[in-house]
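Here the sequence shown is numbered in the working numbering, starting from 9 and rising by one per residue.
If you are wondering where the hints come from, they were derived from the structure by calculation, not from laboratory data.
Computed from a prediction, not measured in an experiment: that's the story for all the values here.
Heads up, a few of these hints could be off.
What the hints assert, rightly or not - Pairwise CB distance ranges, derived in the manner of DEER restraints: (1) Gly243 to Lys82: 41 to 47 Å; (2) Glu68 to Leu278: 39 to 45 Å; (3) Arg115 to Thr217: 38 to 44 Å; (4) Arg229 to Leu278: 20 to 26 Å; (5) Arg115 to Leu278: 38 to 44 Å; (6) Gly79 to Ser205: 18 to 24 Å; (7) Gly79 to Gln275: 49 to 55 Å; (8) Ser118 to Gly256: 28 to 34 Å; (9) Gly153 to Ala255: 19 to 25 Å.
Unchecked claim - Once the Cα atoms are required to be at most 25 Å apart in a straight line, the calculated SDA-like pairs of lysine to any residue come out as: (10) Lys93 to Ala61; (11) Lys289 to His269; (12) Lys54 to Thr91.
Cβ coordinates follow ideal geometry from the N, Cα and C atoms, glycine included.
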Amino acid sequence: MGNSRLQPAARVLVSRPSQPDGRRRIQTGLRMNSTSPASHRKTIDKAMQIMTAFTQDRPELGVTELAERLGMHKSVVSRIAATLKAWGMIESNPVTGRLRVGSAAFRIGSLFSHHPNSLADVAGPSLADLVAQTHHSVHLSVRKGERILVVATVESPSALRVIMRVGDERALHATAAGKLFMALSEPGLMRAAYRASGFKALTPQTITTMAEMERGFARIRRERAAHNRGENTLGAGAVAAPVMSRAGEVIAAVSCVFPLHVVDAGQRSLIEKSTKACAEKLSVKVAQFPQRTFA
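I would like the entire structure built from these sequences, with the hints used as guidance.
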């Protein structure tokens, strides 16, 4: 048998999108030591790690910072980032040079709230009715780990209003919806949330201990509603009520948000009543989709 030769490492090339004049840009690639499916998956995993490293708290990250946070070699991060930039998934801040989420990622992510028969789609008319009743902004959120994610919003027509945007994330401990999830979900959720964030004080009103948080759970369970009084943002209040599955699990929260100084105790009581009615109506709608996992 003849002398065998070592095959060179494979190089997978990814074409960058066309330039405005139609010419193809120079190809860039992600080097891989193997063309095996497992190797491809590892590279995709690393790309997803880079994409998900960006958060509202860390909207921009440098290559060195990403490498340190993710435990990757700087050259690996740099190569993968180059391809992600070519596809518009990330971009560089022209002033700082740091990386941030790109327009292509925004376009893809925005499709999430437009899924036919998604929870956001089903909830839309009910949320609009709640705004008409209360004259305050309303949003729908789901739990993602130890945070809440806003999946639908309807803003108040009033000039004086609290604004939440689709895609916004908030800590569980500092929101009415988050407290609702902790009180009505599995017992270990509050401890997991505390380990994740330490119940960081976002304002002087933020609840920062598990003992104080747990003291409010009995009332939340009894009234099926939770309140926020400037605990996430000074001057902003909220009332949240649960959307329940047929199995009795909390799958979402309807929240009505408002400037605290324009809502007195009587108005807050009416807002709570309307918000609970909206959430109960949504629970009935959700029950019509027993096989669907809403998110």
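Note whether the CB distance of Arg229 and Leu278 lies within 20 to 26 Å or breaks it. The hint (20 to 26 Å, Cβ to Cβ) holds, given that Arg229 and Leu278 are roughly 22 Å apart.
Is the gap between the beta carbons of Gly79 and Gln275 within 49 to 55 Å? Roughly 51 Å apart at Cβ, these two residues keep to the hinted range, so it holds.
Take a look at whether the Cβ-Cβ distance between Ser118 and Gly256 falls inside 28 to 34 Å. holds (32 Å)
Using the beta carbons of Glu68 and Leu278, state whether their distance is inside 39 to 45 Å or not. holds (42 Å)
Does the alpha-carbon distance linking Lys289 and His269 stay inside the 25 Å limit? violated (29 Å)
Starting from the hint 18 to 24 Å, judge whether the C-beta atoms of Gly79 and Ser205 obey it. Distance hint for Gly79, Ser205 holds at roughly 22 Å.
Using the beta carbons of Gly153 and Ala255, state whether their distance is inside 19 to 25 Å or not. Since the Cβ atoms of Gly153 and Ala255 sit about 20 Å apart, the hinted range of 19 to 25 Å holds.
Hint consistency between Lys54 and Thr91 [alpha-carbon to alpha-carbon, up to 25 Å]: holds (12 Å)
Does Lys93 pair with Ala61 here, judged by a C-alpha cut-off of 25 Å? holds (15 Å)
Verify the CB-CB distance for Arg115 and Leu278 against the hinted window 38 to 44 Å. holds (40 Å)
Given the hint of 38 to 44 Å, check if Arg115 and Thr217 actually sit that far apart at their C-beta atoms. holds (42 Å)
Hint says 41 to 47 Å; check whether the CB-CB distance for Gly243 and Lys82 agrees. Taking Cβ atoms as reference, Gly243 and Lys82 lie about 43 Å apart, which means the hint holds.
The earlier numbered hint that this structure contradicts is number 11, and it is the only one.
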